[in-house]
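Peer 1: Residue-level listing of the chains:
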Amino acid sequence: MNAPDAGRSRSDTAEAPAARSVPGTSATEAALRLLEAGPDAATAASLEACVRCNLCAESCHVFLADGESASAPAAKVQQVARLYRRHHTWTGRLLPGLVGARDLDDAALADLVASAFGRCSQCGRCTLNCAVGLDPAAAIRFGRAIAAAAGLVPAGIWANVTAALETGNSMRIAPDEVRETITWLEEDLRASTGDPSVTLPVDRRGARVLYALNPREIKFFPLSISAAGQLFHAAGERWTLTATDFDITNYGYFAADDGAGREIARRLYERAEALGVETLVVAECGHGYQSLRWEAPEWLRRTPPFRVVSFVEVLDEYLTAGRILLDPAKNPARVTLHDPCNLVRKGGVIEPQRRVLRAAARDFVEMTPNREKNYCCGGGGGLLAASEYAGRRVQSGRLKAEQIRRTGAAVVVTPCHNCIDQLLELNRHYGLGVEIRTLAEVAADALATSPTR
Amino acid sequence: MTLPSGILLAAFAAAALSLGRARLGIGSVRVRRFAPRAGDAGAGVRYAFTAAFLPWAKESASAHVVSYLAGVLYHAGIFTMLICLLLSLAAPQAPPALAGALAVVFGAALAAGVGLFVKRLFDVALRAVSVPDDFLANLLVDAALAAALAAALVPGAAFVFQLTGAALLLYAPVGKLRHMLFLVTSRRLWGAYYGRRGVLP
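From first to last, the protein sequence lines are chains A and B.
Here numbering that gives the first Met the number 0 is used: the first residue of the first sequence is 0, the next is one more, and so on.
Here numbering that gives the first Met the number 0 is used: the first residue of the second sequence is 0, the next is one more, and so on.
If you are wondering where the hints come from, they were derived from the structure by calculation, not from laboratory data.
A portion of the hints provided could be inaccurate.
[To be verified] Selected chain B positions facing chain A (Cβ under 7 Å, derived; list incomplete): (1) Gly-26; (2) Arg-29; (3) Ala-47; (4) Asp-133.
This one's a predicted model, so the numbers in the text were calculated from it and none came from an experiment.
For every residue, glycine included, the Cβ atom is placed at its ideal position computed from N, Cα and C.
All chains should be modelled from the sequences, with the hints used to inform the complete structure.
Peer 2: Right, dumping it as structure tokens:
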């Protein structure tokens, strides 16, 4: 009996991008070196212990949307495990046919890219629901790492990595452009609020809080910065933005290139240390929070001398401490909440956004399922930057669209700019007719008189 | 010691050595300790080995109740069979008072094992992720369960049970049966991950 190929299709293989050249070595050799070095012990345990029961299939939004066996998490793990077995188990070396072991070659690499990038958003819902208690997402991420070693990360994702490494942010925004945008926003904010004392400080020494941004906010969603500024001002916070190394996004994390991830995170950590802040507040961005709160300390092997928190948690703290007052009557429309996987299921920030939303909106309804069990929107894992998989990304968002529609909400709030981009696209594609907003925007609209002002 | 008992003892030793070597082969688990914790890793681990097994704890169980129950019966039978196999080194024949209960446990486990084999054979998505090892491992376990059932009911069949059990133990380090070892590590890490991050329990 030959080992089946976990539903591989020709179109999958054709989708795989060409390898970027790695000086002095072939792509396959570089990948082979990483494979032979092996994953960490935790990931190896998952690769060893997967019994291919396939009970995780219905936990995956990609599988539920396309119904293809290759989209089931077990099939995606299998793409990696077959290579692992060939190089790390004696049965894989001696009896490859029995255990489905496979040599790492160009075809295997193409399948790996199509599977680990094209069919997985790294949302971790399979991990939460694995009957055995494994981490399929980590196993698939090791597949991404092998692809990264071969220079086969989808070009759009890799472009963000190189931009961040070369310029300090993934959208190549110069510090002067940041300052100009913030200055314009500050003037606009003073005019719109009628409050000349409101400021959007940049690189202010002595600030307690550094509020670090997603570059997309500066380029495309500046009003979310204004909203955060309003809320910091209302809370009487000593805060600052920064014009250099401000970027919370980390496409090294998506690419499973931990070296790049470490370097990108290190810059923001050092910026926060240079400014001497007590708290690094991560703007509304799921993977930014994940990489800065949970991964960066492990990558850098040190605990930062400041707190790393999401802006969602900060808002909740202000609300609980009475530093801001919110009037739900100012947001009368029905609101629902999408849970970003990296912030909620993998990050543990589950209730703060709900407390804020209950205080800020009159009619907040949960989608089903919710919290850590919520479905991925389909845009995670860097897939928004991988245009070659756009069709499947939008298709895999069908479950999210159905969840939203069932709530009858007019507004969908999500504390993640990646999710916002995907939800905007789902809104158009599936004709949902909803408004997509950040938590800060909804909270800022609900601001009542503040006890600190 | 009889010859079948000697073979069984050697098989136990070979399986233990080979599985131990495989566990050492993946190295030590790197403890994530630099990011300040948001919850209790210990509570997560306790949850992983208790309530997380309940049928409503995970979609993989709640959405597949029949497979979940088959899995529970199958593994309950396997654990019982392994204990009986170990005890057979001292007393090849199970006490007659337990024969009926053991027959029920082994019979149910065998039925579950055959059911899971059939499912793997005919479920298109499941077959797509299967390799020959999946079928062979299931057949070996089923054979050992059948032999255990026979040994419980038929006096004198203990040697068949011991030899079949030895074959199973020798195969254990070869393929998917290795999960008996690695799932303990992985499940502990699963609980620690969610516990430390304050996601579960």
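Peer 1: Would you mind marking each hint as holding or not holding in the structure?
Peer 2: Results for each hint:
1. Gly-26: Given a least distance of 5 Å, the restraint on Gly-26 (chain B) holds.
2. Arg-29: Holds - the Cβ of Arg-29 (chain B) comes within 7 Å of chain A, reaching about 6 Å at its closest.
3. Ala-47: holds, 6 Å
4. Asp-133: At about 6 Å, which falls below the 7 Å cut-off, the nearest Cβ of chain A leaves the hint on Asp-133 (chain B) intact, so it holds.
In terms of the numbered hints stated before, the structure departs from none.
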